[in-house]
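Asker: What follows is each chain in one-letter form.
Protein chains: 4
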Amino acid sequence: MEPWRTGITTSDEKSIFIRGYDVTSLMQQATFTETIFLLHQGRLPAKEERALLDAILIGVSDHGPAAPSAAAARIVASGNRRSLEAAVAAGVLAMGDAHGGAALDCMQMICDGVAVARREGLSLQEAARRAVADARTEKRRLPGIGHRVHTEDPRTRVLFEMARARGVARDGVAFMQALQEAACDQIRALPINIDGALSAVLYDLGFLPSVGKLIFIIGRVAGVTAQVMEEHTREKPMRVRIPVIYDGPPPRDMK
Amino acid sequence: MEPWRTGITTSDEKSIFIRGYDVTSLMQQATFTETIFLLHQGRLPAKEERALLDAILIGVSDHGPAAPSAAAARIVASGNRRSLEAAVAAGVLAMGDAHGGAALDCMQMICDGVAVARREGLSLQEAARRAVADARTEKRRLPGIGHRVHTEDPRTRVLFEMARARGVARDGVAFMQALQEAACDQIRALPINIDGALSAVLYDLGFLPSVGKLIFIIGRVAGVTAQVMEEHTREKPMRVRIPVIYDGPPPRDMK
Amino acid sequence: MEPWRTGITTSDEKSIFIRGYDVTSLMQQATFTETIFLLHQGRLPAKEERALLDAILIGVSDHGPAAPSAAAARIVASGNRRSLEAAVAAGVLAMGDAHGGAALDCMQMICDGVAVARREGLSLQEAARRAVADARTEKRRLPGIGHRVHTEDPRTRVLFEMARARGVARDGVAFMQALQEAACDQIRALPINIDGALSAVLYDLGFLPSVGKLIFIIGRVAGVTAQVMEEHTREKPMRVRIPVIYDGPPPRDMK
Amino acid sequence: MEPWRTGITTSDEKSIFIRGYDVTSLMQQATFTETIFLLHQGRLPAKEERALLDAILIGVSDHGPAAPSAAAARIVASGNRRSLEAAVAAGVLAMGDAHGGAALDCMQMICDGVAVARREGLSLQEAARRAVADARTEKRRLPGIGHRVHTEDPRTRVLFEMARARGVARDGVAFMQALQEAACDQIRALPINIDGALSAVLYDLGFLPSVGKLIFIIGRVAGVTAQVMEEHTREKPMRVRIPVIYDGPPPRDMK
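Chains as they are written, first to last, in my numbering: chain A, 1 to 255; chain B, 1001 to 1255; chain C, 2001 to 2255; chain D, 3001 to 3255.
Hints were generated in silico from the structure; no laboratory data involved.
One or more of the hints may lead you astray.
Stated by the list, open to error - Below are the DSSO-like pairs computed for lysine-lysine, each with C-alpha atoms no more than 27 angstroms apart in a straight line:
id : chain 1 : residue 1 : chain 2 : residue 2
1  : D       : 3014      : A       : 255
2  : D       : 3014      : A       : 236
3  : A       : 14        : D       : 3014
4  : D       : 3236      : B       : 1139
As the list claims (entries may be wrong) - Restraint-style ranges between C-beta atoms, simulated for each label pair:
id : chain 1 : residue 1 : chain 2 : residue 2 : range
5  : C       : 2233      : B       : 1250      : 18 to 26 angstroms
6  : A       : 138       : C       : 2233      : 20 to 28 angstroms
7  : C       : 2157      : B       : 1043      : 18 to 26 angstroms
8  : D       : 3152      : B       : 1250      : 46 to 54 angstroms
9  : D       : 3152      : C       : 2123      : 37 to 45 angstroms
10 : B       : 1015      : A       : 138       : 47 to 55 angstroms
11 : C       : 2003      : A       : 206       : 50 to 58 angstroms
12 : B       : 1206      : C       : 2166      : 39 to 47 angstroms
Here the structure is a predicted model, which is why all the values come from computation and not from measurement.
Glycine included, each C-beta is placed from N, C-alpha and C at the ideal position.
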């Protein structure tokens, strides 16, 4: 069998190296968040970059037991008391396109928008107006804009302020704000939601679009594990009683 | 349906609170590691506690593509190119009793050993000797001791030094070291492995045994996500060719 | 890398053989249920055995959207619209000790009981009385007995009648009935539930205890896939609104 | 909370009904395969339809330990000895677009091709030629055609013969054969692979495209469970040693 190639981690009997750094040095001098950055980008972040990634991971870490990731994890924990990892994995599986996955679509849109602006010599404002117009023509929802509960997500404002104050905000933040303005002109006033805000900042931190989704997963796993522990320590097995209405065929006989 | 109770996170239209702290304050003033501690213990850690939890999360974050969690995630990523969360979840599922799960068993052993010492007025040394003797009588392996590759895991030494230097080491570290000495006397020289070291320190940080397993999962998810990205960006779909030998029944006819 | 050994399936450019049978012969002359039996036992079942395995797989195939396996699958499907396999996998993960897993415990109890009877020359009735007495002494629940809804599970009666009428019922069915009688004497009247009934019949069909759990999974996956499709075709994304009560710490400031 | 609607299964204290049929009647008079058909289509299949669905489920049930679904399940089983469901779920997760998922794409192509033919009054041959030409223009691979090992998949021939002999073959089989002929003219001789064959027959049996993927999962879960059992009964924990080559950065110091 062909050996598997990797540029991430290697080890011998005496040491483990992550992206070239001895893991014991990282343990003594780095934080977990810096290691997450290192694993995905191959370099340690500057202090300002670390602060932004911490803010993103904290911002998505938990949203209560009714979020699909937490609810799926709790129901699995309720039927499966001996396998904590099964419950956590079910929580990870709930993070699809409709829950947390908007970051992937949104980062892709930012990448495309910035690329179009560069290629065609447009301003980011012009590229954003075009993105909104295209979405309207094709009747697509714009990722990163709008929220079913918050009119303005408090996490968005904080992330953008931090990104500006620390000199991290660049094309990603600028494009998302231009997009919001263009949406305001062409559709209606819509807030930048947490997916949009973290996509903008992750783009400016140099992450690939797919990694946006993975960062959401890393952050939310922290909350899912806490939800699973609370289910195990406070609740009985098989406790969930979802009300059901049956509207299928009436009783019938087999021939 | 009965509402679900939670003491972890609550939100309204304007704010999200984790264990009572406004998430935007945490984003600006805390780190992700502090938030992980907060989610599981309900309080923010002291600076020294944070340093130890960071070291633990970093220490388990990745061990290369051949660890079961990474290998399972990569094989799923190889057959399933559109669902990153499916690959990460498969990695989580590989973290069972034989891979990463020793922390749970080891923390339980430490809890039991310390409890026995307190109840019966024994020293931790006496309790550890009894634990070794019991394991030998019942022909059980001692969790947290011994390693298939490293004679002394470099991460163990660093964790214990950090725990002592920062005043975090207490009964957990003391018990594991007593256990190693007792094993040395009764069995043979055996190193404390990474599961044993992180169990000792997590016990001293106040975590429940089940949470030991979950902390391992939180840390390793960081590495698994990087392994999945590397698979996607460097390798072709369905590339894995595991050599197989068939030793079942020869071809036969149905009657 | 060492080749992986297998005695199940082999293939070359022209053919695939399952346990020695050409898969195209199986496709033309066997049923899926016979193939499940073949995969797990290495031989094709007699007609009577096949009828019982069909009855078991049908009997566990679905129990509505509120069963943990279906509910977990639906919540994942609600957050993750693009990955059907993620939703099905979450359903599989919910099948733990408390949901469907009783079959594993129950088959193990039957194995142990029959082995004790043989070794010590007891009748199955005596072995069953001892199993009930032991469970009471150790304050353990008896697997396979009792049900939170049905006083007598209709599927139990049908499985046992079929097993007797087709000459499949042997020590497994006899032991479970002896256990029920012993429980009636020593505890109170308790029905044999579906886990108990299928455990008894699976034992008599020659399956190992762990396989009992896997047969439950194979059967229920059929229902979970139908639940996932219904979620996708009838419901909107992110539709689940579980009511939540927060009883954690009140808002507090970071120092 | 809004009750969940379902038209699949309902139960009261005395009975369980699947699509209106008492489950105990199904257990006595139906097969598991008929129940799978019933769960997904709301009616019991004719004898000929049942034979084809059995053949499909058998045809995909196992392909040895090196298929991604089996390999992922075995690696999880190797690290996680106590949770059979975790290993099976990992196997399910490997069934993505590149492994087993072609059925979904292929059924969608058949649906589209037949719809185009009807709408524009074309023959299926003309619609197939257009589908091949479009794929070439857009440099897309055609799903259901071509195979990396078999020049002609033996399962394809058997499925099509059975479908014709039993009067099940209709537009789906006709379209796939027209597609193969058009590909032969415009590209080169390419076999219809198992994904293409089962897609054609599943279409003719009245299944929706997404269900094609789910039928593959239901069938393959049978094989995955057998692979997991073989791993548990024949192999040691943590046995997999994948060879690795590291080509990342050399050791470096933290500043």
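Asker: All hints, please: hold or fail.
Answerer: The hints, checked one at a time:
Of the supplied pair hints, the one linking residue 3014 (chain D) and residue 255 (chain A) holds, its CA atoms being roughly 22 angstroms apart against a limit of 27 angstroms. For the hint pairing residue 3014 (chain D) with residue 236 (chain A), the CA-to-CA distance comes to about 25 angstroms; that is within 27 angstroms, so the pair holds. This hinted pair does not check out: residue 14 (chain A) and residue 3014 (chain D) have alpha carbons roughly 64 angstroms apart, beyond 27 angstroms. The suggested pairing of residue 3236 (chain D) with residue 1139 (chain B) holds, with an alpha-carbon distance near 18 angstroms, which does not exceed 27 angstroms.
Distance hint check: the CB atoms of residue 2233 (chain C) and residue 1250 (chain B) are about 46 angstroms apart, inconsistent with the given range 18 to 26 angstroms. Checking the proposed 20 to 28 angstroms range against residue 138 (chain A) and residue 2233 (chain C) shows it holds: the Cβ atoms sit about 24 angstroms from each other. Between residue 2157 (chain C) and residue 1043 (chain B) the beta carbon distance is about 55 angstroms. The supplied range of 18 to 26 angstroms is therefore violated. Remark: the range hint 46 to 54 angstroms for residue 3152 (chain D) to residue 1250 (chain B) is contradicted by a beta-carbon distance near 24 angstroms.
The given range of 37 to 45 angstroms is broken by residue 3152 (chain D) and residue 2123 (chain C), whose C-beta atoms sit roughly 60 angstroms from each other. Between residue 1015 (chain B) and residue 138 (chain A) the beta carbons are some 35 angstroms apart, a value that contradicts the proposed interval 47 to 55 angstroms. For residue 2003 (chain C) and residue 206 (chain A), the hinted distance range of 50 to 58 angstroms is not satisfied, since their beta carbons lie about 42 angstroms from each other. Taking 39 to 47 angstroms as the suggested C-beta distance range, the pair residue 1206 (chain B) and residue 2166 (chain C) does not conform, at roughly 59 angstroms.
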